[in-house]
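Engineer: Work the whole structure out from these sequences, hints included.
When the letters of the sequence shown are read in order and numbered with mature numbering (1 follows the signal peptide of the UniProt record, and there is no 0), they come out as residues -25 to -1, 1 to 484.
The set of hints was computed from the structure by calculation and includes no laboratory data. Keep in mind that the hints are not guaranteed to be accurate.
For lysine-lysine, the following BS3-like pairs were computed, each having C-alpha atoms within a straight-line distance of at most 27 Å [claimed, not checked]: (1) Lys343 / Lys69; (2) Lys16 / Lys40; (3) Lys137 / Lys169; (4) Lys118 / Lys263; (5) Lys330 / Lys319; (6) Lys324 / Lys139; (7) Lys324 / Lys69; (8) Lys398 / Lys137; (9) Lys448 / Lys398; (10) Lys40 / Lys398.
What follows is a set of in silico ranges between Cβ atoms, one per label pair, in the way DEER data are often shown [unchecked claim]: (11) Ala62 / Lys263: 51 to 57 Å; (12) Arg218 / Glu461: 45 to 51 Å; (13) Arg218 / Lys169: 22 to 28 Å; (14) His24 / Gly451: 50 to 56 Å; (15) Gly208 / Gly452: 45 to 51 Å; (16) Arg421 / Pro336: 27 to 33 Å; (17) Thr363 / Arg454: 51 to 57 Å.
If you're wondering where the values come from, they're calculated on a predicted model, not measured in any experiment. Glycine residues also receive a C-beta, built at the ideal position from the N, C-alpha and C atoms.
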Amino acid sequence: METLLYFSILLPLLFVLLLVKTLKSQRKIKAGYNLPPGPPKLPIIGNMHNLRGEHPHRRLAALAKTYGPIFHLKLGEINVIVVTSSALAAEVTKTHDLNFASRPQFMATKVILYDGGDLVFAPYGKVWLQLRKICTEELFSQKRVKNFGLMMEEEGHNMVEKTKNMTVNGSPVNITNLFLSIASTTVSRAAFGKDCTQHERLFTAVKKTFKYLSGFDLADLYPSLTFLADINGMRRSLERVRRDLDGTLNEIFEEHMERAKRKDEDTNYIVHDTLDDEDLVDVLLRLKTSGELEDFITMDNIKGVILDLILGGTETTAAIMEWAMTELIRHPEIMRKAQEEVRKALNGKRKIEEKDISNLPYLNMIIKETLRARPPGPFLVPRHSLETIKLGGYTVPAGSRVIINAWAIMRDKTCWDDAESFKPERFEGVDMADVRDSFIPFGGGRRICPGINFGMRSMENVLANLLYHFDWKLPGGKRPEEVDVEEAFGLSLIRKNDLVLVATPYKYI
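Structural biologist: Rendered as structure tokens:
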């Protein structure tokens, strides 16, 4: 009874407070700014009602047809600028890159990702610059990615054997689960090494994290009302997930530090090329203990970088591969061409080696076309406007959130011929520098994803193995045109329903 009375008083007061704040905010902006056009705003909620119905990327693409390639939304207290053209996206990521190099902060990223101290959500500044340097020069350098080749070979072989075992009694293969498994295992081995006993516990916590990072909380839309996150229990839920993740990561880091200590004390330990026997946690700890990192880089920053790798390298990577297999099963002629390429290149070999991957240009085109047609992140990670600036002839107020609809840009008929069709051949002979403004699955500018080479290599390895070792078809005699392609919107744009296929082992020559 007391709780009911409390809310009966609180809610009307909250309504009045929000109404006053939003009206003041709207008057302040309208007074001096030539904002981009956009749908009419309602008091308090702004344009939240305009996002009902379709998935957000499709809804915003539809709004762009009415209001143009740049338009303005008001979501609660937040000014949102939506960009849906390659030219304007290039202005954000290149022309005005420094102004848009920072990130807005969200409740989930602040709590789970160490107060935005990771690479993806860190504000532009000395911490982010140092983390970026570590990733490009150490963690994802070409040499280190190449050295992960043997690990990827092993994981590819393990996946093939696992799949063969499934086919013994004619059981269909759940491709969705298979890809999530190998993506998480590959990332785990790169980050923590082969013998990570905390793998299952860590990735159970990571799955919970996906849910919180895939949307926004009411507190994110009304940042001045800091008590909202406490009222709805969101902060408590996030802190619970953070404790699980942090506790597990601390265990892993302590084991790595203890192992490094034993190596230092063992006079009989043979020193090899560090690239051959270091995982990514080893690299980060070595840089930290040797003093190669600036003093302001904390252990929380280091754990944040590892979490970025795990979050970006599991569901996202699995989603890309799953959509690739979906499109291959929908287009038998493309599947056939890809299998002919890999089987000709391997010429009867029993295992695919890392060096074989570079001889599969058509497979590379298939992955690029999947990234274009089915980008795992339909929106690039939001940008934060540091200053008031002109974009496309309109005013973008300081503090605005800028959303680039990559899905819409990569299906723009003015940039791509027959944009709605799945055509890997469109990338044949194409210099990627010529399409860098319209092909943006990894972002652009200072904030472009540093793990592109690692991600591409791991996906090529998995798909090459499945195309080489098996023939694929739909269960129950279904035809290619009957393939389900319904989407589910989350941290990544995934299939709503699992992809299940029938595999027949390929008979070698």
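Engineer: Hints first: check each against the structure and report whether it holds.
Structural biologist: Structure-based check of all given hints:
Between the alpha carbons of Lys343 and Lys69 the distance comes to roughly 22 Å, so the proposed pair stays at or under 27 Å and holds. At most 27 Å may separate the alpha-carbon atoms for a hinted pair to count; Lys16 and Lys40 meet this at roughly 18 Å. This hinted pair checks out: Lys137 and Lys169 have alpha carbons roughly 18 Å apart, not beyond 27 Å. Under the criterion of a C-alpha separation no larger than 27 Å, the hint pairing Lys118 with Lys263 is consistent with the structure, at around 21 Å.
Restraint check: the Cα-Cα separation between Lys330 and Lys319 comes to about 15 Å, which is no more than 27 Å; the hinted pair holds. Annotation: proposed proximity of Lys324 to Lys139 holds, straight-line Cα distance about 17 Å (limit 27 Å). Distance check on the hinted pair: Lys324 and Lys69 sit about 45 Å apart at the alpha-carbon level, beyond 27 Å; violated. With a CA separation close to 31 Å, the supplied pair Lys398 and Lys137 exceeds the 27 Å bound.
Proximity of Lys448 to Lys398 is assessed by CA-CA distance (about 20 Å); at most 27 Å being required, the pair is judged to hold. Taken as a hint, the Lys40 and Lys398 pair is honoured in the structure, with Cα atoms around 25 Å apart against an allowance of 27 Å. Checked against the given bound of 51 to 57 Å, the beta carbons of Ala62 and Lys263, roughly 42 Å apart, lie outside it. Against the hinted window of 45 to 51 Å, the Cβ-Cβ separation of Arg218 and Glu461 comes to about 35 Å, which falls outside the hint.
About 27 Å separates the C-beta atoms of Arg218 and Lys169, a value consistent with the hinted range of 22 to 28 Å. Distance hint check: the CB atoms of His24 and Gly451 are about 41 Å apart, inconsistent with the given range 50 to 56 Å. For Gly208 and Gly452, the hinted distance range of 45 to 51 Å is satisfied, since their beta carbons lie about 49 Å from each other. Between Arg421 and Pro336 the CB atoms are about 30 Å apart, so this pair conforms to the stated range of 27 to 33 Å.
For Thr363 paired with Arg454, a C-beta distance near 55 Å keeps the hint of 51 to 57 Å intact.
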